[in-house]
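Trainee: Converting from the sequence shown to this note's numbering requires adding 957 to each position, the first position being numbered 1.
Honestly, the hints are just simulated from the structure, not real lab data.
Beta carbons: idealized from backbone N, C-alpha and C, even for Gly.
A couple of the hints might just be wrong.
As the list claims (entries may be wrong) - Cβ pair distances, simulated, as ranges:
#, residue 1, residue 2, range
1, ILE959, LYS979, 27 to 33 Å
2, ILE961, ALA982, 27 to 33 Å
3, VAL962, ALA982, 28 to 34 Å
4, ILE959, LYS986, 30 to 36 Å
5, GLN981, LEU960, 27 to 33 Å
6, MET958, LYS979, 40 to 46 Å
7, MET958, LYS986, 40 to 46 Å
8, LYS985, MET958, 29 to 35 Å
9, ASN980, LEU960, 37 to 43 Å
10, GLN965, LYS985, 26 to 32 Å
11, LYS986, ASN966, 39 to 45 Å
12, ILE959, GLN981, 39 to 45 Å
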Amino acid sequence: MILIVAIQNTLSQTRNEQLQKKNQAISKKGTGQQLHR
958 MILIVAIQNT LSQTRNEQLQ KKNQAISKKG TGQQLHR
């Protein structure tokens, strides 16, 4: 069970990092569009 939780944590961390990079890229563009979450 611990292994499964560790994998899930790693996946969510990776996903969060990808979202942050995407948000930063959008912020740099300055399109001002709202993101659907």
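Trainee: Please go over all the hints and tell whether each is borne out by the structure.
Mentor: Hint check:
Our hint of 27 to 33 Å for ILE959 and LYS979 holds, since their Cβ atoms are close to 31 Å apart. Against the hinted window of 27 to 33 Å, the Cβ-Cβ separation of ILE961 and ALA982 comes to about 32 Å, which satisfies the hint. Hint check: VAL962 to ALA982, Cβ distance near 31 Å, so the stated range 28 to 34 Å holds. Distance hint check: the CB atoms of ILE959 and LYS986 are about 41 Å apart, inconsistent with the given range 30 to 36 Å.
The hinted window of 27 to 33 Å between GLN981 and LEU960 holds, with their beta carbons roughly 32 Å apart. Separation of MET958 from LYS979 is about 32 Å and departs from the stated range, judged on CB atoms against 40 to 46 Å. A C-beta distance of roughly 42 Å is found between MET958 and LYS986, which places it inside the suggested range of 40 to 46 Å. Between LYS985 and MET958 the Cβ separation comes to about 41 Å, which falls outside the hinted range of 29 to 35 Å.
The beta-carbon spacing between ASN980 and LEU960, approximately 31 Å, falls outside the hinted interval of 37 to 43 Å. For the pair GLN965 and LYS985, the supplied restraint of 26 to 32 Å holds, since their beta-carbon distance comes to about 31 Å. With their beta carbons about 31 Å apart, LYS986 and ASN966 fall outside the hinted range of 39 to 45 Å. Checked against the hint of 39 to 45 Å, the C-beta distance between ILE959 and GLN981 comes to roughly 33 Å, which is inconsistent with it.
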